[in-house]
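Engineer: Each chain is listed here by its residues.
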Amino acid sequence: MSGGRHILWLKVIWVGTVVTALYLPIVSVILASLANTRYMRFPHRVWTLDAYRAAAADYTTVTLHMISLQIALCVVLVSVLLGTIGAMAYARYDWKGRSLFQRLIVLPIFFPQPVLGLALLLSMSALGIAPSWKTAVVAHAVWIVPIVTLVISIRLFGYDVAQEEAAFDLGASRWQVAREITLPALWPGIFSGALFAFLLSWSNLPLSVYTSGADTPLPLWLFSRTATNYSPLVPAIAVIGTFVSGLIVLLLLAVRQLLARRT
Amino acid sequence: MALPPPALTLTGLTKRFGSKTAVDDISLDIRDGEFFTIVGPSGSGKSSLVRLLAGLDTPTTGRLHLRGTDITEVPANRRPTAMVFQSLALFDHRSVGQNIEFAMKMKGVPQAERRARALDLLRLVRLPEDYYPRPVTQCSGGERQRVALARALGSDPEILFFDEPLSAIDYRLRKTLEVELKELHQRTGKTFIYITHSLEEAMVMSDRIAIMRTGRFEQIGTPDEIYRRPNSRFVASFMGEVNILEISRTKGTPHFADLDLPAPQAPGAFAVLRPEALSPGAGEGPSFDALVTQKLMLGSRTQFHLRAGNTALIAEVAAGPRSALEVGQTARFGFDPADIAWVDS
Amino acid sequence: MRRNPGLWYALPLIVAMLLFFAAPMVIVVWYSLMPPRSFALTTDIGLQNYRSAFADGYGRPLMWSLLGAALTTLITAVLAWPTAKILHRHTGRWASLVTALIALPIFISESVRLFGLSVFLMPGGGILAGTLNALFDVQIGTILNTRLAALVGMIYIHFPFMLFPLLLGVAMIPADRIEAARDLGASSWAVLREVELPLAAPGLLVGGLLTFVLCLGANAEAAILGGRAVTVITATIEQRFNYAQDWPMGAALTVLVIVVTAALVFPAVRRIDLNRMLRR
Chain X
0 MSGGRHILWL KVIWVGTVVT ALYLPIVSVI LASLANTRYM RFPHRVWTLD
50 AYRAAAADYT TVTLHMISLQ IALCVVLVSV LLGTIGAMAY ARYDWKGRSL
100 FQRLIVLPIF FPQPVLGLAL LLSMSALGIA PSWKTAVVAH AVWIVPIVTL
150 VISIRLFGYD VAQEEAAFDL GASRWQVARE ITLPALWPGI FSGALFAFLL
200 SWSNLPLSVY TSGADTPLPL WLFSRTATNY SPLVPAIAVI GTFVSGLIVL
250 LLLAVRQLLA RRT
Chain F
0 MALPPPALTL TGLTKRFGSK TAVDDISLDI RDGEFFTIVG PSGSGKSSLV
50 RLLAGLDTPT TGRLHLRGTD ITEVPANRRP TAMVFQSLAL FDHRSVGQNI
100 EFAMKMKGVP QAERRARALD LLRLVRLPED YYPRPVTQCS GGERQRVALA
150 RALGSDPEIL FFDEPLSAID YRLRKTLEVE LKELHQRTGK TFIYITHSLE
200 EAMVMSDRIA IMRTGRFEQI GTPDEIYRRP NSRFVASFMG EVNILEISRT
250 KGTPHFADLD LPAPQAPGAF AVLRPEALSP GAGEGPSFDA LVTQKLMLGS
300 RTQFHLRAGN TALIAEVAAG PRSALEVGQT ARFGFDPADI AWVDS
Chain C
0 MRRNPGLWYA LPLIVAMLLF FAAPMVIVVW YSLMPPRSFA LTTDIGLQNY
50 RSAFADGYGR PLMWSLLGAA LTTLITAVLA WPTAKILHRH TGRWASLVTA
100 LIALPIFISE SVRLFGLSVF LMPGGGILAG TLNALFDVQI GTILNTRLAA
150 LVGMIYIHFP FMLFPLLLGV AMIPADRIEA ARDLGASSWA VLREVELPLA
200 APGLLVGGLL TFVLCLGANA EAAILGGRAV TVITATIEQR FNYAQDWPMG
250 AALTVLVIVV TAALVFPAVR RIDLNRMLRR
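If you read the sequences in order, they're chains X, F and C.
Residue numbering for the first sequence follows numbering that gives the first Met the number 0, starting at 0 and increasing by one per position.
Residue numbering for the second sequence follows numbering that gives the first Met the number 0, starting at 0 and increasing by one per position.
Residue numbering for the third sequence follows numbering that gives the first Met the number 0, starting at 0 and increasing by one per position.
Extracted from the complex, chain X is given alone in its bound form (with noise of 0.2 Å):
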């Protein structure tokens, strides 16, 4: 049928030109890493490495990242502990108050990141407590969490609760159903949440704009950088960053096939 075919090429460009548009700025900033001038020019008379190198010498390179590894990972913890038990209570179990805490932990998540961190920073100088990485990581914890349970959620949702009781009957005690059972059926759903935790801090920005103090994380710093006080360092250290995060990711990823092969 060439209409059929018609139709399919129709949806290949379609889709072909939306990953494109998405894709089309970051392969800029690439590009305008490999300049050395401080202002682009493009297509570089000069194609360098150059900002690469003064980023690798920079020390700030490294505690851009300390700071946004230190906050991702804080809130990583927090976000699986409170997700994995938060989701417990959002699919496990039919209780009486469930449908409306189903309704109000999601809140966070519909609502204007920026004007949350304001009312954390508020609240926080109205305690007397000074704004540093820490209170970064409740900002991004109080975002992150909500979504991080609906992800454990969604895991859940596809257990069969009997798998339990099927146990508790064949001899095992609740802390071997715990261990045998829910953990390792929970599993998947606790390692994508703990993939979303990190990626999603990492590179937050409105919700650190208020929150982090003197700490700058990198989307920070990078948002500031752009606006004033612009070189390819700029571009060479966001692409850096991304970079970081893409290898932590397989760094977990391939901490999983490992844990998964052992057992």
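Derived by calculation from the structure, the hints in this document are not laboratory data.
It cannot be assumed that every hint is accurate.
Said to hold, decoys possible - Capping the alpha-carbon separation at 20 Å, the derived lysine to any residue pairs in SDA-like fashion look like this:
1) X/Lys10 with C/Ser187
2) X/Lys10 with C/Ala102
3) F/Lys189 with F/Arg207
4) F/Lys104 with X/Ala177
5) F/Lys104 with F/Arg116
6) C/Lys84 with C/Val194
7) X/Lys10 with C/Trp188
8) X/Lys95 with F/Arg15
9) X/Lys95 with C/Asn274
10) F/Lys181 with F/Asp31
Chains F and C: place on chain X using the hints.
Structural biologist: Structure of chains F and C alone, referenced to chain X:
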């Protein structure tokens, strides 16, 4: 010869959820090695009852004894019983072998012994040995049934419970598995307690059947007793299509109210007449004229939907010359009073 | 396995949300009732900040933010619908690859992506202008530093937030319903209006809500791409806090944004059954 002690003794077993009574004061002995089936519609309390027996719930009142030992307070993981769940509840993240070995692993049985026993069980439930390392998620519906059965047997239970495990299986596979389950029962000699909503399924497999309704047993008996002598319209209607004729005593002598036929010896308020007991042609028993409104071929038998006066009736006739009637014809139908099961309610 | 411990599992999350989500909202409201330029919380409360919020021309940035959010929501919905339909219809390796490719940028910081968009659009030596000049000797202008650029940035950043809920929504349309409607004589337009949109409505609602609310707080797009062409409400709020050092005024404007958000989110969240969307 003395009777063996009952495998399970229920004494006044009751379970209430809030104001709702799911299991209402049930007392019963289940014999050792018996295939006992509890049949009831959804909401009759049969699942609640089996959960009490398995130890997954505790009764509100009443006691439960296993071979004379009180096990009312013993939780499921320390009872020598195992359940095959309605959803099967297979451990989806584990292999077939790991599922079957689960109970042994919990008991600390060494790996090699577990494996040997699991392979035995695979043979017992007629699964090939190379299924051992396979993920359960790759098994078909029937294979999953067998894995669930093998897993329950893996705990070497004295009693096996089945909570409607065949309800989601298609008809032909279900028939096969019913026969296999009956054979397995004979081979293992274990006590089987089976829950279903299908009396037909219960008939095929059971030594005794209990019909359950709103938390109580309506009737307990062998399949033959239940089939021939239902003690209520509820039990009778559970068997599928039956004719239930009300007896009227207003005109002095009892008679079939709807057919306007005398019923000289009527020991109950309703006569239950199975479709195959109603046949064309007048015999020695009562007979009446009826219009054929529908004719359905059931294979070896033919079903006629009849109308006599204002009453709709169903008759089933073996395929042959007597099934030559057509829709729209009126014919005489009769029955033998001995085929009637009398019930009072 | 006897008692139902749902509430106990919910408790840590409830406590955390009360402390770090609900309580800060209360404190913002409190600050907004303080006299102008005060930094402490006292019982000296009044509505003067709200009076000046309406009198002193703060309505304009709020209006720009609302307009931008509405336009972005509308446009991303129109762009995401066919994309979601295509991705849902075609399963297999290519579709999953494309889905992953679309999801990936969410995890790259928006400052990086917006920066990329700005160097792409930059006049003269920008990626687009420079390439066209070098290859075809064509000189083009730029939309950078206009409201349009800010809007393009918002659409670019928020497209995935519309697409993925919409994908969940589109997945809720059983294929046989569309065939049934076709079989009963419905045109493509009628199928869309009568069958597809109502069935996918939960996804559309979640995506729309998410996009709108995120856009309402969006600041970076206007700052990086819009130049001085447009001032959004979050920029005004930031300006009140940082430069004007007028916290109560900033808090009052923040409360206005919260009120608008709540007015949209509460009724919607009551209607959406996230359970049903996630449970497959």
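Engineer: Give a verdict on every hint.
Structural biologist: So, going through the hints one by one against the coordinates:
no.	hint	in the structure
1	X/Lys10 with C/Ser187	holds, 17 Å
2	X/Lys10 with C/Ala102	holds, 19 Å
3	F/Lys189 with F/Arg207	holds, 15 Å
4	F/Lys104 with X/Ala177	holds, 15 Å
5	F/Lys104 with F/Arg116	holds, 12 Å
6	C/Lys84 with C/Val194	holds, 14 Å
7	X/Lys10 with C/Trp188	holds, 18 Å
8	X/Lys95 with F/Arg15	holds, 19 Å
9	X/Lys95 with C/Asn274	holds, 16 Å
10	F/Lys181 with F/Asp31	holds, 16 Å
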